[in-house]
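Visitor: Spelled out, the chains give:
There are 2 protein chains.
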Amino acid sequence: MTTQELVSQINLKKSFLCIGLDVDLQKIPKHLLQEEDPIFEFNKAIIDATHHLCVAYKPNTAFYEAYGIKGWKSLEKTINYLNENHPEIFTIADAKRGDIGNTSTMYAKAFFEDLAFDSVTVAPYMGKDSVEPFLAFKDKHTIMLALTSNEGAFDFQTKKVENLELYKTVLETSKAWQNANQLMYVVGATKAKYFEDIRKIIPNSFLLVPGVGAQGGNLQEVCKYGLSKNVGLLINSSRGIIYASKDKNYAKKAAEKAEELQKQMEEILNSNFSV
Amino acid sequence: MTTQELVSQINLKKSFLCIGLDVDLQKIPKHLLQEEDPIFEFNKAIIDATHHLCVAYKPNTAFYEAYGIKGWKSLEKTINYLNENHPEIFTIADAKRGDIGNTSTMYAKAFFEDLAFDSVTVAPYMGKDSVEPFLAFKDKHTIMLALTSNEGAFDFQTKKVENLELYKTVLETSKAWQNANQLMYVVGATKAKYFEDIRKIIPNSFLLVPGVGAQGGNLQEVCKYGLSKNVGLLINSSRGIIYASKDKNYAKKAAEKAEELQKQMEEILNSNFSV
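Which chain is which? The protein sequence lines are A and B, in order. Here this note's numbering is used: position 38 in the first sequence is 38, and no number is missing along the way. Here this note's numbering is used: position 256 in the second sequence is 256, and no number is missing along the way.
It is possible that some hints are incorrect.
Since copy identity is lost for identical chains, a pair holds within one copy or between any two.
Calculated lysine-lysine pairs in the DSS-like style (CA-CA distance at most 30 Å, straight line) [as the list claims (entries may be wrong)]:
| no. | residue 1 | residue 2 |
| --- | --- | --- |
| 1 | K246 | K109 |
| 2 | K13 | K140 |
| 3 | K252 | K27 |
| 4 | K138 | K109 |
| 5 | K109 | K248 |
| 6 | K193 | K159 |
| 7 | K14 | K70 |
| 8 | K13 | K253 |
| 9 | K246 | K175 |
It is worth saying that the hints were derived from the structure and are not from the lab. Just so it is clear, the structure is predicted and the values come from calculations on it, not from any experiment.
Please build the complete structure, drawing on both the sequences and the hints.
Guide: Laid out in structure tokens, this is it:
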């Protein structure tokens, strides 16, 4: 999917919501545990109930790997279901990979070819030649960690590197990498005031923003500083939506939570863009 | 496995060799492609031929994930084969994971419980609360990226962070994390002169050292600066050993290459330690 196609979907749906499919067997409704593949059944119901309200889904691979081969199968069925039924939706493998050249190429193949995701999250620590192999895949996107939403973000990311914070150095440096136009960045919503600085470095790149909702981030604040002329934001919510209810009506409740966010986004889009 | 058990194995085998199982279907002998699980058959033959020469095996998960569920099955069969037949060997899931707290716990479960590896490699970018969940698993080890062997290492890792290079900041900072005694570090062999500085910060921690052989690192140089009183080094070689030959005798040739390295290690151990 191209960036322009993603932007079109945002304008069409009046939403820049990404729903995180971080599925924990201990947190899904009990009746699903009788199914052969409870994780996929859960995802399918959530997708069926929410696909008109969001523009992206983001399975976090850890939650699938934790169940071994069974989990990997659930992930494969989920991405296949999305690609078959909702090819217009942007898909993110939240895998936070990153390794040296030939290994990064293998990871890129795993997520872009074998599983056919539109994008994957990667860690920047190993630098240019660990990220460029992902960027070599046409119309695929690489979402690099910049400023994350956890406490540990202050251990290294906000430390000054030759007078510029590490996360800003990551942003500045990566702009020069080959196919940098396919780069997006993870920026945690809990740090809304940083968005202003970030937009000075990367005015147009898409930012994947976790931390709205469960982690306390504020949507209006993030948009105030983070919106670009192409919207340029994907706001992720995982637990706040998918675990809205543990009852049989969980998908309906998830859709209600998603719609709450979508309505706020619609308002923000209407007041910021004359479309 | 405890660190002491690993040290005992090093002393017993006169080897601190780690063999990287980065198996690419395009690089293994053609006759194996007829097998139901060529990757596992290849690994099994390599393990059978080399287990007496090394103390660790390190499958790089990218090479398995690239083949989807089939690849994940090969990985599972490989680790099961190792744990059943060679429980004394230290196993490393070279996965370079790292995410926020509850997600890191899921990754830790995937590699420590579901697959029963002794250790996993992780990226430090997200800081303390992304690594400590791995350290919470008793007798399991977390191998954190410090100074990697690729060109991109100079993008961020060697940049000065408040007057200390980022990789040294990572080393210094992580020493204070909970269960830091279960931390090991990845340090690339191509930068042997850095080992002296690194040992000033972490005199005793084990270092996993890729880059000897194919990537041009020198074993003697690394040992000169990197050995600790407990040896404290695991020298990894992947392609240099497992792809020594593409013929039917590939396992024998791999063993010959492994033995070359083991003999050099024996000499180094004998001249540095009176055991």
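Visitor: Report the numbers of all earlier hints that the structure fails to satisfy, in ascending order.
Guide: 7 and 9
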